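Residues in the sequence shown are numbered consecutively from 0, following numbering that gives the first Met the number 0.
You may find that some hints are simply not true.
As a list, the in silico DSS-like pairs of lysine-lysine whose alpha-carbon atoms are at most 27 Å apart [unchecked claim]:
{"hint": "1", "residue 1": "Lys441", "residue 2": "Lys183"}
{"hint": "2", "residue 1": "Lys441", "residue 2": "Lys52"}
{"hint": "3", "residue 1": "Lys435", "residue 2": "Lys53"}
{"hint": "4", "residue 1": "Lys240", "residue 2": "Lys52"}
{"hint": "5", "residue 1": "Lys386", "residue 2": "Lys401"}
{"hint": "6", "residue 1": "Lys386", "residue 2": "Lys203"}
{"hint": "7", "residue 1": "Lys53", "residue 2": "Lys203"}
{"hint": "8", "residue 1": "Lys403", "residue 2": "Lys10"}
{"hint": "9", "residue 1": "Lys441", "residue 2": "Lys53"}
{"hint": "10", "residue 1": "Lys10", "residue 2": "Lys203"}
{"hint": "11", "residue 1": "Lys435", "residue 2": "Lys144"}
{"hint": "12", "residue 1": "Lys401", "residue 2": "Lys183"}
{"hint": "13", "residue 1": "Lys386", "residue 2": "Lys10"}
If you're looking for bench data, these hints aren't it; they were derived computationally from the structure.
Predicted model only: the values in this text are computed from it and were never measured.
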Amino acid sequence: MNINSLIILLKNYLWGWPLLLIIMGVGILATLATNFVQVRYFFTAWRLLLFPKKSELGAQKGAALTPFQAFLGALGTSVGNGNIAGIATAIAYGGPGAGVWILFAGFIGMALRFAEVYLGVHFDKYEMRGVRGGPIAYLSHLPGKKFMPYVFALLFYFYALTSGNAMQANAIGDAVYSTWGINKWIIASGITLFLMYAIMGGAKRILRFSDILTPFKVLVFFVSAIIVLTYHYQMIVPTLKLIFSSAFSYQAVAGGAAGFTLQQIIKNGFARTFNSTEAGFGVAASFFGASGSQKPVNDSIISMIGVFISTCFVCFLVAMVVVASGVWNNGAIGSALAVSAYQTVFGSYGGWVVTFVAASFGLGVMVAFLFIGKTGFFFLTNGRGEKWFYIIFCIVAFLGTKTKVEMIWDINDLVNGILLLINLYAIVFFMPLLHKAIVNYKRQ
């Protein structure tokens with residue numbers, strides 16, 4: 000067995016039923032421990048995000064970013080090309096019923112997001128080796144604290160370079176090349192120059208780019224998806240019926256379909272959603288931990304909206320578009336399936352629309368990881384070598400645009416699973432702290 004086969008074997012085992020059941024179990028426990036925080040404080044989250052009172056703001060002078068910028072940064076990393084390609088593939092491999100499990104993943108993902116962000120901000124007074132707050136801080140208070148922060152930092156750094164960089168650059172390169180035939184070296188140069196321009200402006204310019212790109216790309220996707228659904232408006236109700244009726248079905252859901260097992264439906268809808276939205280991965284905790292906020296519960300409640308947008312909004316809309324357009328079982332997977340859906344409305348220009356969405360999604364993720372990806376790197380280097388982080392990031396972006404990344408995808412899935420397991424361990428350990436925090440918040 001070669002190394003590639005071993006990685007695939009480990010990845011498939013890790014993202015099989017054991018991890019899925021652990022995610023579901025911890026997510027349900029977090030939901031119960033926080034008294035259904037994602038339901039009880041759903042509208043409060045929107046109010047705190049859009050219309051906060053001055054006394055509810057936890058921003059601290061001199062912090063690297065504000066809680067609102069932390070929210071946009073976390074949203075920016077969780078709305079990327081994985082939402083399009085990953086969810087389209089989930090529907091292709093798991094059938095329309097995977098859509099229900101996308102929603103369920105979003106539901107428990109909101110509780111996990113609350114938990115990780117609360118811990119990241121609660122422990123933000125601890126600065127270790129150039130890193131403030133976030134997973135590294137709360138992992139240092141667990142059994143295994145002597146080695147676990149280092150393992151997390153190394154994996155998080157790798158995650159930033161792959162999922163937050165090479166994968167996005169590759170998706171942009173593939174989309175632009177397939178649509179307009181532009182040489183990939185030219186595309187790679189353009190992406191690298193964009194990143195270099197952001198870097199030269201320092202942290203302020205990087206955050207400003209993230210602040211602009213995140214709402215822009217969500218708006219672009221929303222408008223394009225609504226146009227497709229409006230065109231196929233007669234299929235909206237039948238699509239919803241098909242999604243919910245086939246969520247627990249062992250039978251084929253369309254004539255000529257091979258039939259989807261319940262395992263296929265759940266695994267594809269649930270696992271790919273978690274991979275796309277990063278709930279429980281520690282990314283959002285790193286952003287909010289760096290904000291120096293004095294309102295950990297408020298920040299945690301706000302952060303749940305990011306999971307809602309990326310799953311119940313973006314991911315589920317992708318599923319709706321693919322199924323309502325009637326292309327979900329045409330044999331295509333990933334971005335090609337999304338292109339097929341858009342072509343039912345825009346014709347040959349469907350590829351243009353998906354390319355524009357892919358570019359805005361990818362660049363938004365890359366800019367966000369320019370900022371937060373330093374977390375793991377700084378911890379490993381004791382806060383030194385920022386210049387080298389940026390140089391390596393740009394090199395990876397340049398090469399990732401053209402490189403075949405199938406093996407990197409497999410390694411990345413393996414890394415994602417380990418990051419998630421480490422973070423879930425911390426959430427379980429601190430479950431009493433989370434329960435106490437939400438009880439005290441209710442008494443205010």
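**Study point:** Hints not upheld, ascending by number
**Key:** Violated hints: 1, 4, 10, 13; rest satisfied.
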